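K.L.:
As a plain string of letters, each chain reads:
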Amino acid sequence: MQAEEFTHRTQELDGWEIIVETYRLGETYFTTISSADAGARFARAEGASRDEAERAAIEKAAHWLDRTRRFPTTNE
Amino acid sequence: MPTVTASSDVLVSTDWASQHLTAATTRVVEVDVDTSAYDQGHVPGAIGWNWTTELCDTLVRDIIPADKFESLMSRSGIGNDTTVVLYGDNNNWFAAWAFWQMKIYGHRDVRIMNGGRKKWLAEGRPLDTQKPSPAAATYKAHAPDLSIRAFLPEVQEAVKSHSAALVDVRSPQEFTGEILAPSGLPETCQRGGHIPGAKSVPWGKACNEDGTFKSNADLEQLYGAVGVTPDTPVIAYCRIGERSSHTWFVLKHLLGYKDVKNYDGSWTEWGNLVGAPVEKP
Numbered sequence: 079m080q081a082e083e084f085t086h087r088t089q090e091l092d093g094w095e096i097i098v099e100t101y102r103l104g105e106t107y108f109t110t111i112s113s114a115d116a117g118a119r120f121a122r123a124e125g126a127s128r129d130e131a132e133r134a135a136i137e138k139a140a141h142w143l144d145r146t147r148r149f150p151t152t153n154e
Numbered sequence: 163m164p165t166v167t168a169s170s171d172v173l174v175s176t177d178w179a180s181q182h183l184t185a186a187t188t189r190v191v192e193v194d195v196d197t198s199a200y201d202q203g204h205v206p207g208a209i210g211w212n213w214t215t216e217l218c219d220t221l222v223r224d225i226i227p228a229d230k231f232e233s234l235m236s237r238s239g240i241g242n243d244t245t246v247v248l249y250g251d252n253n254n255w256f257a258a259w260a261f262w263q264m265k266i267y268g269h270r271d272v273r274i275m276n277g278g279r280k281k282w283l284a285e286g287r288p289l290d291t292q293k294p295s296p297a298a299a300t301y302k303a304h305a306p307d308l309s310i311r312a313f314l315p316e317v318q319e320a321v322k323s324h325s326a327a328l329v330d331v332r333s334p335q336e337f338t339g340e341i342l343a344p345s346g347l348p349e350t351c352q353r354g355g356h357i358p359g360a361k362s363v364p365w366g367k368a369c370n371e372d373g374t375f376k377s378n379a380d381l382e383q384l385y386g387a388v389g390v391t392p393d394t395p396v397i398a399y400c401r402i403g404e405r406s407s408h409t410w411f412v413l414k415h416l417l418g419y420k421d422v423k424n425y426d427g428s429w430t431e432w433g434n435l436v437g438a439p440v441e442k443p
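Taken in sequence, the protein lines are chains L and F.
Heads up: the first sequence begins at 79 in the working numbering, then just goes up one per residue.
Heads up: the second sequence begins at 163 in the working numbering, then just goes up one per residue.
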């Protein structure tokens, strides 16, 4: 077994830059989503097709990003 | 896209790893942020370590204690003379965390596979789902080398007396306090910002897009730009200590800087301390 059709791209999701990586192992596609800045993986999904895996992972990512609070960056 | 030559005594290429998978004196170990990744498929013959249960004390917030470290090595088939090759996801975040702990306990020959899991997958190299069951080995940990680990009092002293350069390796948004944790991850501190005087050098700046480390010349320039030079005492920190172990690896083992420590208490300690000074942005 080996990973096939490995892809890596950066895109914006709800104002956040994310990295989408997808590959196929056997009959299953695996997608992981990371934050571009921090490089931290925070969502993953699998599916029978690339579209299915990426759609599910991006949906989960959007859910988590929606919960990320932004704070003022001044000392006041 | 220049990269370091992956032939040093602490860094191996995916090619090198593929040629040494079955060597009796070598043990390949995968350590991931995503603890399910190993089960999807891993480098043939590699064993997997779970950082949440096997590379942390599960009761006290601390690294793994010496007796449990010895037990982990033993059941992993790792003896004191074994060459250990670590790799993992997220450009080797937790592989570096494991490397740092192995150095604390004095393991002589431990290396990181340049580019980690991502590069292995991208190159279409073979994967296996079988979990090896290595024969138990005898292992004796050395006394912990705390010259590579910073605790809170030392960091507080560094803030007061500028005795060490503080390098914050989190994302710029975490550094400024705009967010408390990497987007999408749970907030685990009460305040955002950074330790006063710290310089921001996000860990990822040390890597190329394929996950490999940049050339030594590029790395020297990256850290030199914030005043970190070979003779500068350095304390690296992030949120929980794994991203900063990646930067610690770069400074201490790729560049050979003399006095580099990982502050694994990191922002989840400092950002929760009552009365601790915080700087923004």
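It should be emphasised that the hints constitute simulated quantities derived from the structure, not laboratory data.
Since we're looking at a predicted model, the values are computed, not measured.
Some clues are possibly wrong.
[Said to hold, decoys possible] With beta-carbon atoms standing in for the labels, derived distance ranges: (1) F:214 with L:114: 21 to 31 Å; (2) F:172 with L:86: 22 to 32 Å; (3) L:147 with F:184: 25 to 35 Å.
Built from N, CA and C at the ideal position, the CB exists for glycine as well.
K.L.:
Now tell me, hint by hint, if it's right for this structure.
P.N.:
Here's how the hints hold up against the structure:
At about 25 Å, the beta-carbon gap between residue 214 of chain F and residue 114 of chain L stays in the expected band of 21 to 31 Å. Between residue 172 of chain F and residue 86 of chain L the Cβ separation comes to about 26 Å, which falls inside the hinted range of 22 to 32 Å. Between residue 147 of chain L and residue 184 of chain F, the C-beta spacing of about 50 Å breaks the proposed range 25 to 35 Å.
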